[in-house]
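Enquirer: Same order as they appear, the protein sequences are chains A and B. With this note's numbering, letter number 52 in the first sequence gets 88, and the count goes up by one each step, no holes. With this note's numbering, letter number 80 in the second sequence gets 85, and the count goes up by one each step, no holes.
Rather than coming from a laboratory, the hints here were simulated on the basis of the structure. A few of these clues could be false.
Claimed, not checked - Derived CB-CB ranges, DEER-like:
1. B:Glu54 x A:Lys165: 28 to 38 Å
2. A:Lys76 x B:Asn37: 21 to 31 Å
3. B:Gly110 x A:Lys178: 29 to 39 Å
4. A:Thr74 x B:Phe129: 12 to 22 Å
5. A:Glu75 x B:Lys150: 34 to 44 Å
6. A:Glu125 x B:Phe111: 19 to 29 Å
As the list claims (entries may be wrong) - Restricting the straight-line Cα-Cα distance to at most 27 Å, the calculated cross-link-like pairs of lysine-lysine (BS3-like) are:
7. A:Lys104 x B:Lys142
8. A:Lys181 x B:Lys43
9. B:Lys83 x A:Lys177
10. A:Lys102 x B:Lys123
11. A:Lys178 x A:Lys104
12. B:Lys108 x B:Lys138
13. A:Lys183 x B:Lys18
14. A:Lys130 x B:Lys19
15. A:Lys83 x B:Lys18
16. B:Lys131 x B:Lys83
17. A:Lys104 x B:Lys92
18. B:Lys19 x B:Lys81
19. A:Lys128 x B:Lys155
20. A:Lys178 x B:Lys83
21. A:Lys183 x A:Lys70
22. A:Lys166 x B:Lys19
23. A:Lys165 x A:Lys102
24. B:Lys92 x B:Lys19
Cβ coordinates follow ideal geometry from the N, Cα and C atoms, glycine included.
This is what each chain is made of:
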Amino acid sequence: MKKDDLDPLDRQILNLIQEEFPLCERPFLEIGKKIGITEKEAFLRIKSLKEKGYIRRIGPVLERKKLKLTSFLCGASVDEAQIEKVANEINKHKGVTHNYERDGDPNLWFTITGETSEEIDRFLDEIEKKFNIKIHRFPEKKVFKIKTFFPL
Amino acid sequence: MKLSLVDEKEILKKIPSDFPLVERPYGIIAENAGMEEKDLIGILRQMREDGKLRRIAAILNHRKVSYLYNGMVVWKVKEEEVEEKGKIMASYPEVSHCYEREKSGFWDYNLYTMIHTKNEREFFEKVKEISEKTGIKEYRVFLSKREFKKTGLSLKNE
């Protein structure tokens, strides 16, 4: 297994901010208070963790349903030779948040969110036509959990 | 401050999915959006209370933090058991996402989970454990091979 170069304080910070990044005027002061370091130290630590690539992003996690947005998981069987091209075309839609090649059939899986299902369908229909593929759409019925938390 | 959903979405359009890394990120975001920092914070707090904003948080790069192995597992669950089984699956820390989805006339799998572990052995052990705990024997595993995109949902035109 690859060894990371995190020290105990880094781990503490990452565990804390994966749960919640403070929603207040001085978030780094809050974080610093919780783990006993200054605002400046908390800021610099987090900045460095971001630069080193441990943190992908810090930002809002939205609840699609309550914002009246529609979201599908989609699966398609795509030939290996053109999968990258298809994926890149799909990624042009800004509502596409996850797009993975997976072992198995279907082998291309992505999530897409939009204002209406008609809008999403129109986009997907065009992709289907362009690449002569079928995109299976699995609308969400119920969310039991969305929480990526990696204990460090 | 209580706004209409339309106005709230307008504000979300001005918020990046990845905050600028400065000491007062809400200050910069508010400035770029032409509003006061305290108003922005107030609106976001209200949205969090209403459940439209789940939370503000750091999303880690799972490959970098040693959670190298991940995959999607789809489960075939009886309609009347979805609630119970979905809750059990969601209770595992290794399960980051758990959704019930339409079968869409494609197949009979209706419960979707994303599972993250540090290695292959742990992954399949976890899948087996979940299967035994829930009694769901019919499932399929789709391991991640290549990432084409992974980002947060943003209403902002970036």
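Enquirer: With reference to the structure, classify each hint as holding or not holding.
Expert: Verification of the supplied hints:
no. : hint                            : in the structure
1   : B:Glu54 x A:Lys165: 28 to 38 Å  : 44 Å, violated
2   : A:Lys76 x B:Asn37: 21 to 31 Å   : 24 Å, holds
3   : B:Gly110 x A:Lys178: 29 to 39 Å : 19 Å, violated
4   : A:Thr74 x B:Phe129: 12 to 22 Å  : 45 Å, violated
5   : A:Glu75 x B:Lys150: 34 to 44 Å  : 42 Å, holds
6   : A:Glu125 x B:Phe111: 19 to 29 Å : 22 Å, holds
7   : A:Lys104 x B:Lys142             : 35 Å, violated
8   : A:Lys181 x B:Lys43              : 31 Å, violated
9   : B:Lys83 x A:Lys177              : 14 Å, holds
10  : A:Lys102 x B:Lys123             : 33 Å, violated
11  : A:Lys178 x A:Lys104             : 14 Å, holds
12  : B:Lys108 x B:Lys138             : 23 Å, holds
13  : A:Lys183 x B:Lys18              : 23 Å, holds
14  : A:Lys130 x B:Lys19              : 14 Å, holds
15  : A:Lys83 x B:Lys18               : 25 Å, holds
16  : B:Lys131 x B:Lys83              : 21 Å, holds
17  : A:Lys104 x B:Lys92              : 24 Å, holds
18  : B:Lys19 x B:Lys81               : 40 Å, violated
19  : A:Lys128 x B:Lys155             : 13 Å, holds
20  : A:Lys178 x B:Lys83              : 14 Å, holds
21  : A:Lys183 x A:Lys70              : 22 Å, holds
22  : A:Lys166 x B:Lys19              : 33 Å, violated
23  : A:Lys165 x A:Lys102             : 32 Å, violated
24  : B:Lys92 x B:Lys19               : 35 Å, violated
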